[in-house]
Structures are given as structure tokens and as C-alpha cells.
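S.K.: What follows is each chain in one-letter form.
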Amino acid sequence: ETGVTQSPTHLIKTRGQQVTLRCSSQSGHNTVSWYQQALGQGPQFIFQYYREEENGRGNFPPRFSGLQFPNYSSELNVNALELDDSALYLCASSSGAEQETQYFGPGTRLLVL
Amino acid sequence: QQPVQSPQAVILREGEDAVINCSSSKALYSVHWYRQKHGEAPVFLMILLKGGEQKGHDKISASFNEKKQQSSLYLTASQLSYSGTYFCGILGSNYKLTFGKGTLLTVNP
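Read top to bottom, the protein sequences are chains A and B. For the first sequence, counting from 1, position 2 maps to 2 in this note's numbering; every step adds exactly one. Just remember that this note's numbering sits 1000 ahead of the position in the second sequence, which is counted from 1.
In isolation and in its complexed conformation, chain A is listed as follows (with noise of 0.2 Å):
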């Protein structure tokens, strides 16, 4: 069983640039959510992808989209880059259950000059 895994593992912008970043679900999993941990912080949500539309959405503006693919693969895209979007990026995976187990993946860290 292939475990979440995410690309790429750092990643260094400018203000005012566009990213993204993408995520592999664990096998088995139909679900993926995003977050964004900020330094000494908790993570915080940033949407959830279920069967290829979205499935909830956190307190981020319209600039933070994303995308999930038939297999369940997922992008997050970022415009328009702040220097305040320097985070730890993790998606986490379950099988869309609800209250179900999210699993997290190794995070993407970006640094936004």
C-alpha cells in the first residue's frame, strides 16, 4: 500500500508568481484536503476534493484552487504569490467517509520572496 506522497519537497518563488503543487493519494483513497501550516501554527484548511469537486472550502481567497484527477491525484494552485504564503502545503487522504481518518503526506514547503 503506497502511502501519500507529495512534490515537490521544496520550492522557492517571488512575490507575485503562481505555483503549483501536487499530491498522490493513499491507494484506496477517494478524498484529498489541503492545508496550510504556518510556522509554530496547526494546520488550517484549505479545501477538500471528493470525486473531482471540491467538497468544502477554509477561509483562503479565490487566488488558492485546486484540482483532483480521476485518479484521485490532486493540484493545488496558488496565484498571485504573497510573501505571507510561506507555508508547510500538506494534503492529506482518506476514503471519504465521513469522520474519517485523514492521512497526511510529507508537505511541500514553499518560501515566498
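It should be emphasised that the hints constitute simulated quantities derived from the structure, not laboratory data. Take the hints with a grain of salt, since some may be wrong.
[Claimed, not checked] Have a look at the derived ranges for each label pair, beta carbon to beta carbon: (1) 1013(B) with 65(A): 46 to 52 Å; (2) 20(A) with 1044(B): 23 to 29 Å; (3) 1026(B) with 60(A): 18 to 24 Å.
Ideal Cβ positions, reconstructed from N, Cα and C, are used throughout, including at glycine.
Position chain B against the provided structure of chain A, taking the given hints into account.
M.R.: The following block gives chain B in isolation, referenced to the frame of chain A:
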């Protein structure tokens, strides 16, 4: 609404016990506990469901008090490997997991 965790940090010697609390102002339906080591992803520990019993594995257990809207994580006879930041997450109606700010646990030899 973000759950409140206490204490913010705790330092133990190997073999000592600790309790980490997680409180919510909203009704709790499930509480998810994770541990995160520095530079790594959060690792799932356990999930407590409304109406469910106390759970545990190895020397880590947790309880869920629906009336008090609180969950507690109990670490017994702590080991060096228990060091890390512990997060509780509460699941909302939109499947959104809202995490607390975390409790930093340090276990020294």
C-alpha cells in the same frame, strides 16, 4: 472555531505521564489526534467518535467528554519517541478538520 489546547508546552523526564486537553466551544462529533515531529508531517494517533468509548494504543490513550465538549490525550510512562507537537482536530459539518495550535511535548532522558 479553533479548539483550544492546553498546556501549550510540557517537559517530561522519560517514564513520566502527561495529559493534553482539547476544548471546543462547539459541539464535538469527533476528535482527531495527531503527533508531528519537527520537519515532518502530522502522524495520525487516534480518532474519538461521539458516543464512543475511550481509545488507546500502546501507552497513549484518549477520552471524549461530550458534555464538557472536551477531549484529553493521556501519555503514560513517556518515551523519548513521544517528543513532538500534539494536535487535536475537530471535524465540522463541511468535513473540515479544524486543528488547535498544538502542544509541544519534550521528553528528556
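S.K.: Is 23 to 29 Å a correct range for the gap between the Cβ atoms of residue 20(A) and residue 1044(B)?
M.R.: holds, 27 Å
S.K.: Could you check the hint for me, namely that residue 1026(B) and residue 60(A) are 18 to 24 Å apart, CB to CB?
M.R.: holds, 21 Å
S.K.: Between residue 1013(B) and residue 65(A), does the beta-carbon spacing fit 46 to 52 Å?
M.R.: This hint holds: roughly 48 Å between Cβ atoms.
Against the hints set out earlier in the document, no violation occurs for any number.
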